[in-house]
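Novice: Last residue of the sequence shown: number 125 in my numbering, and the count goes up by one each step with no gaps.
Derived by calculation from the structure, the hints in this document are not laboratory data.
Predicted, not measured: the structure shown is a model, and the values here were computed from it.
Zero decoy hints are in this set.
Straight-line C-alpha distance at most 30 Å; calculated DSSO-like pairs for lysine-lysine: (1) Lys30 to Lys96; (2) Lys22 to Lys45; (3) Lys27 to Lys97; (4) Lys97 to Lys22; (5) Lys23 to Lys96; (6) Lys75 to Lys34; (7) Lys75 to Lys97; (8) Lys96 to Lys75; (9) Lys45 to Lys96; (10) Lys75 to Lys22; (11) Lys22 to Lys42; (12) Lys23 to Lys97; (13) Lys45 to Lys80; (14) Lys74 to Lys96; (15) Lys45 to Lys97.
Label-pair distances were calculated between CB atoms; the ranges are: (16) Glu25 to Glu103: 10 to 20 Å; (17) Pro77 to Ser108: 37 to 47 Å; (18) Asp78 to Arg104: 26 to 36 Å.
A virtual CB, placed ideally from N, CA and C, is assigned to each residue, including glycine.
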Amino acid sequence: MPAVASVPKELYLSSSLKDLNKKTEVKPEKISTKSYVHSALKIFKTAEECRLDRDEERAYVLYMKYVTVYNLIKKRPDFKQQQDYFHSILGPGNIKKAVEEAERLSESLKLSGFYLSLIGRISSF
Numbered sequence: 001m002p003a004v005a006s007v008p009k010e011l012y013l014s015s016s017l018k019d020l021n022k023k024t025e026v027k028p029e030k031i032s033t034k035s036y037v038h039s040a041l042k043i044f045k046t047a048e049e050c051r052l053d054r055d056e057e058r059a060y061v062l063y064m065k066y067v068t069v070y071n072l073i074k075k076r077p078d079f080k081q082q083q084d085y086f087h088s089i090l091g092p093g094n095i096k097k098a099v100e101e102a103e104r105l106s107e108s109l110k111l112s113g114f115y116l117s118l119i120g121r122i123s124s125f
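Make the full structure from the sequences, and use the hints.
Specialist: Right, here's the structure in full:
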């Protein structure tokens with residue numbers, strides 16, 4: 001497990017939260033629920049690694065993607081038939097953690113974007 005970086009990485013993916021949210025979109029495809037679950041687990045694991053690496057932008061995008069994929073999974077007929085099974089695979093606390101981390105990162109990114117734009121305005125004088 002990597003050590004937690006002390007300082008967040010500089011913003012590099014986008015200049016606004018609105019643009020970052022566009023990167024979280026997932027197009028529903030005709031794949032099995034099992035494939036969606038496998039993808040969701042990989043997305044969550046990578047989001048956790050990015051969070052530990054203090055890559056707030058990428059972690060935010062990945063947590064939001066996880067939530068999106070999770071919601072797609074919940075709409076599937078086989079999920080409705082075997083909810084306990086799929087919840088056990090997805091991890092009972094992962095969705096809660098993803099939402100909480102995305103909210104926390106959203107606030108942090110708003111502040112980072114504000115300070116970045118302020119620095120840009122100051123340096124243009």
